[in-house]
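Take 1 as the starting number for the sequence shown in UniProt numbering and just add one per residue.
It should be emphasised that the hints constitute simulated quantities derived from the structure, not laboratory data. Glycine included, every Cβ here is placed at the ideal spot set by N, Cα and C. Treat the hints loosely; a few may be bogus.
[What the hints assert, rightly or not] Pair by pair, the computed Cβ-Cβ distance ranges are:
#, residue 1, residue 2, range
1, S486, Q251, 51 to 59 angstroms
2, L429, D219, 30 to 38 angstroms
3, A95, R229, 37 to 45 angstroms
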Amino acid sequence: MFLPLVVCCALQVLRVYLSYLKKLGSLLGEPQDGPPDSFSRTLSFISNLQRVVTPLQERQQKGMLFFRTTIRELQEKAPAIDWLSCLQAVFHPMAVNLSQPIAVHDMDYLKGMSQLIEQWHKERVLHIYMIVCLVGNLSPALDSRFQDARLELSKILYGKMGSRMIPAERWRKCLTDTSSFFEPVLGQMIVQEIFPQQTKKLAEQMFSEIQDAFYGQLDRLEWMDEQTRQEAKVSVSKLQVEIGYPAHMLQTAKVNLEYQNLEINEDTFFLNVVACLKVLRENSYFRLLQHHHSHNNWHVSPWTVHSYYSIGHHMVVFPAGMFRSPFFHMEFPSAVNFGAMGVFMAHELLHAVYGYVLPEGCPTCNKSALQKSIDCLVEQYESYGFKVNGTFTLLENTADTGGLAIAYQAYKNWLKKHQEEKDLPKIGLSHDQLFYLSFAHAMCGHQDPEKLQSFLNTDPHSPLPLRVCGPVSNSQDFAKHFHCSSGSPMNPDNKCHIW
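Construct the entire structure; sequences and hints are all you get.
The following block contains the structure:
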C-alpha cells in the first residue's frame, strides 16, 4: 500500500483515497448494492495501520534500526498471525522452527498490526485490504483503467512528482520490467561490455587504499578508546567488498537455472508478469537463505549507479555502472577517480561502523567528546536554511564528511606509492583542486523544489547542495588548496568532524 505516513490525518487526502478504493471496487465488479461502508471501514483500517508505524527518524534516534528476536518471541508479541506457518510456507523447503533467529525492523508496528487484526478479523475489511494491495501492486500490468486510477491518486497525493511514479507509456513499463525480471541475463551482457578486468583490478586497489586510510584515521580519533578502535579495525577488515557484479552472474549455467521453471507466452501478458514475479520471489528467497553465498544477494543491478552497505551481510556493493565517466575511468588522473569514486567507497565503508555513533553504540568511548562532535555536525546542517533535521541525517552527513577526508588521505597515500600523476591540459587546476572538483561534480545535482519537502521528511540524506558544501567546508585541505579566507562560508573557524 502506498499511502504515505504523513497523510493519515489529512481529511482531503482520505476522501481522495476513499474515491480510489471505490473505483477499484467498481473495476473489480463490486456490486452496487454491496455494504455501503465497506470501503470507508477499509480506509479506517489503513489509517490506523499507518499510525502504528514508528517513523524511521524516531527509530534511528533511539538506535533501533532493527530488533533481533526469534519466531517464538514474535509469536508471543504479535499473536494474530501464525508466523511459523507463514514463514515455513515462504521459505519452503528450508526447515524453519520457533527458535529461528530473525531480525525485525519495527517490532512496535508488528505488535500494533496484530492488535488491529484481532479487532477487525471478523469483518471483510481485511479481505478488501489484501485485494486492494494486490491490485495496487499489479495495476501496471492491468489495463489502462487501473493505471489511470492509480496515477490519478498519485498526482493528488504527491503533486506533479506523482506522475513520475508510474510510467505512462506501456513500452517504458515493459522495458523496466524486462530489465528487472531478466537482470542476470542482461547483467552478464552489460558487464562483459563495460567492465573489463583491468577496471575491476584498479577499483579493488583503490578500495584497499581507502581501507588503509580509514585505519589511519581511526588512530587519530580522540573520542574512541583503544579497545573499540581495534574492534572497528577488525570489523572493517572482515567487510565483504563486491565490485562490478555478483560473481555468479558470469556463470551461465547458474543463470539459466534461475529461469528453468519460467514459462512465457506471447498472448498472455498479465500471466507472464505474474509468472516472472513468482520466479523473482522464489529466487530472492533462495538467495536470502544462502548466507555463505552473499554475493547472490545484491539489491541493485550491476548497471545501476548506486552503491550501498548491507548490514545483514556486512558487505559493501559498488556496481559496474559506477565505474564510468564522470566518476571513474582507467585513463583519468587519480585525483578524479579518488575525488568521485573514492569518496563513494569511503562513504559506504563508514556505514559499516555507523553503530558507534548511535546512542549507546560506543559505551567505552569518550562520550562527551563524541557528543560534542555529533552536536557540531547536527547544528551545522540545521543552520543551512533547508529545514534539515540534523539528527535524522546525521549518519549520512557523517559518512559524507568523513568519506571526503578519508578519500583525500587515500589519494595522497596513493601518490606516494605511484609517484606520477596524469595532468589534464588547459584546465588550470592543481591535482588537489581537481580532487575536490571531481567530488563536487559527482555529488551535486538539481533538487526539484516540489520534491524537497517530501525528501526532507523521508530521506536520511541531506539535500544535494549540502552534500557538497557541508563536507568541503569541514576540510582544512580544501580551504588550503582553494585559498579560502579564514571565517568564510567554505572555511569556517569551527569545523565539524566525527571520523
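Evaluation of the provided hints:
no. : hint                               : in the structure
1   : S486 with Q251: 51 to 59 angstroms : holds (57 angstroms)
2   : L429 with D219: 30 to 38 angstroms : holds (31 angstroms)
3   : A95 with R229: 37 to 45 angstroms  : holds (41 angstroms)
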